[in-house]
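Student: Each chain is listed here by its residues.
2 protein chains.
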Amino acid sequence: MNFPKIFLAGLAWGTAVALGAKVVTKPVAYEHAGVRLEGYLAYDDEKVSADKKAPGVLVVPEWWGLNDYAKHRAEQVAKLGYVAFAADMYGAGVVTTDAKKANELASQFYGKPLMAERAQAGLDQLLATGLVDAPRVAAIGYCFGGSAVQALAFTGAPLAGIVSFHGGLHAAPADAAAKNKAKILICHGAVDPFVSAEDLAAFKKSMDDGKFDYQFISYAGAVHAFTNPGADALGKLNNIPVAYNAAADKRSWAHMRAFFNEIFAVKK
Amino acid sequence: MNFPKIFLAGLAWGTAVALGAKVVTKPVAYEHAGVRLEGYLAYDDEKVSADKKAPGVLVVPEWWGLNDYAKHRAEQVAKLGYVAFAADMYGAGVVTTDAKKANELASQFYGKPLMAERAQAGLDQLLATGLVDAPRVAAIGYCFGGSAVQALAFTGAPLAGIVSFHGGLHAAPADAAAKNKAKILICHGAVDPFVSAEDLAAFKKSMDDGKFDYQFISYAGAVHAFTNPGADALGKLNNIPVAYNAAADKRSWAHMRAFFNEIFAVKK
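In order, the protein sequences belong to chains A and B. For the first sequence, the working numbering gives the first residue as 3, with consecutive numbering after it. For the second sequence, the working numbering gives the first residue as 3, with consecutive numbering after it.
Just so you know, these hints were derived from the structure itself, not from any lab. Take the hints with a grain of salt, since some may be wrong.
Copies of the same chain look alike in the list, so a pair counts if it works inside one copy or between any two.
[Claimed, not checked] Restricting the straight-line Cα-Cα distance to at most 30 angstroms, the calculated cross-link-like pairs of lysine-lysine (DSS-like) are: (1) Lys81 / Lys55; (2) Lys252 / Lys206; (3) Lys238 / Lys207; (4) Lys81 / Lys252; (5) Lys252 / Lys213; (6) Lys81 / Lys28.
For clarity, every value in this text was computed on a predicted model and none was experimentally measured.
Just chain A, same shape as in the assembly (with noise of 0.2 angstroms):
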């Protein structure tokens, strides 16, 4: 969905936009530690109501910021069933395509508490919707995204699980494990560059040694952002080893939705 920026600002919670044959998406405005965000509520009207809750899947975007891809994913999870939300990291219509910029934007972020914390402003916003069954609730992310549904869990958050998409793997804090809720599924591109094999060992062992509840899969021939259609026209505009693959996006999104069938099967 492609609004004119001037037209978001305005939409709040009251104004829902039809997509397709039963999805309708919402901008939300919600905000954190002063900045002022905007995400992006995606669900199924025909299926879930207040009365008729479902699971719910926050989706945290790339370094790109809230984009139509991320958007264009919160539609295809909310066509799944789920209320899907679209986390906005960086602040109302901050996006950008400029490789050096979203470095900019996300290095507010790695490391520090307040990855979780804003993807936690996001998590509340999907659970204060009164469409999603607490708990059954999951984070998806993507890249930059994926590494922050790992702080997410990390801290402790409601999560049933999450799933992080060529997300950057580090070893996880040493408190993680006696926090941590979700399980975890890490869907991997077996030749992404942007992931040193250094880095690898020390997140499975630091999974290992805590005993998390994870699946690993690597993915041949992926590289960085490899679900994301648009990667190689980002990745020549930036001179960066990103590029998308067909295979493996098909494989991770079924690999997802297995995981989803697994936890939440059963309410608890």
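Here the structure of chain A is known, so what remains is to put chain B in place on it, guided by the hints.
Tutor: Just chain B now, with coordinates in the frame of chain A:
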């Protein structure tokens, strides 16, 4: 199905045994390199016939031989609508629960052409049923059998895909990439002590260098034999680090099904 051995020996193609609602099973006598073998065919005769062919799945057992566990897997595959054939690698009726004996039996095959050749003899039996839609054939294997299906694929056998469950992992032979036709799914116990970090790295490097179409999945907390509910008893009996892991078993089965959905979706 537990047949008295003497009864089994007298059966061949002619006699089918009804299993549950729809799945029929048949012991199948065959021979390879002078060794008398007896495999185990399973399919749903309401869904599959010579006029209504289905995808075929070769099942290669653990190093214990073609025991009830492997037969049960063939039955489960048959229930999915596929023609399953559990191969006999050792010889008719040769099964053991003694790890020393199993190691002797398996050692005839590891690293030798016989491993792929004996698995190919099973594949030939599967294809000879006349029930299989030949371009849609896969091989799955457990433990020793996981290594065997890799070896079979690497000879260029006509397989759309292979699944290795807690199989041994070593670098693929130098000529494998040019010969291999199969997509590859590796289901691996994240803390399997039988696969060293060095072997894992060598396997992965050979997959990446050879541009194999593979997916590699690690399951948290899972060790060798994680799919076999009898593993704990066998581990205790033999003082070896094998154990069942129900979560990893269910997840890897779901991942196998998603893999089959992909590789069997389109008739070539």
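Student: If a hint holds in the structure, say so; if it does not, say that too.
Tutor: Right, here's what the structure says about each hint:
Taking the closest pair of Cα atoms, Lys81 and Lys55 come within 30 angstroms of each other only inside a single copy of the chain (15 angstroms); across copies the shortest separation is 34 angstroms, beyond that limit. Taking identical chains as interchangeable, the C-alpha atoms of Lys252 and Lys206 lie at most 30 angstroms apart whether they share a chain (24 angstroms) or sit on different chains (21 angstroms). In this assembly of identical chains, the alpha carbons of Lys238 and Lys207 lie at most 30 angstroms apart only when taken from different copies (27 angstroms versus 35 angstroms within one copy). Taking the shortest Cα distances, Lys81 and Lys252 sit within 30 angstroms of each other both inside one copy (16 angstroms) and across copies (25 angstroms).
Both within a single protomer and between protomers do Lys252 and Lys213 lie at most 30 angstroms apart by alpha-carbon distance, with minima of 29 angstroms and 19 angstroms respectively. Taking the shortest alpha-carbon separations for Lys81 and Lys28, only the intra-copy value of 15 angstroms comes in at or below 30 angstroms, while the best inter-copy value is 44 angstroms.
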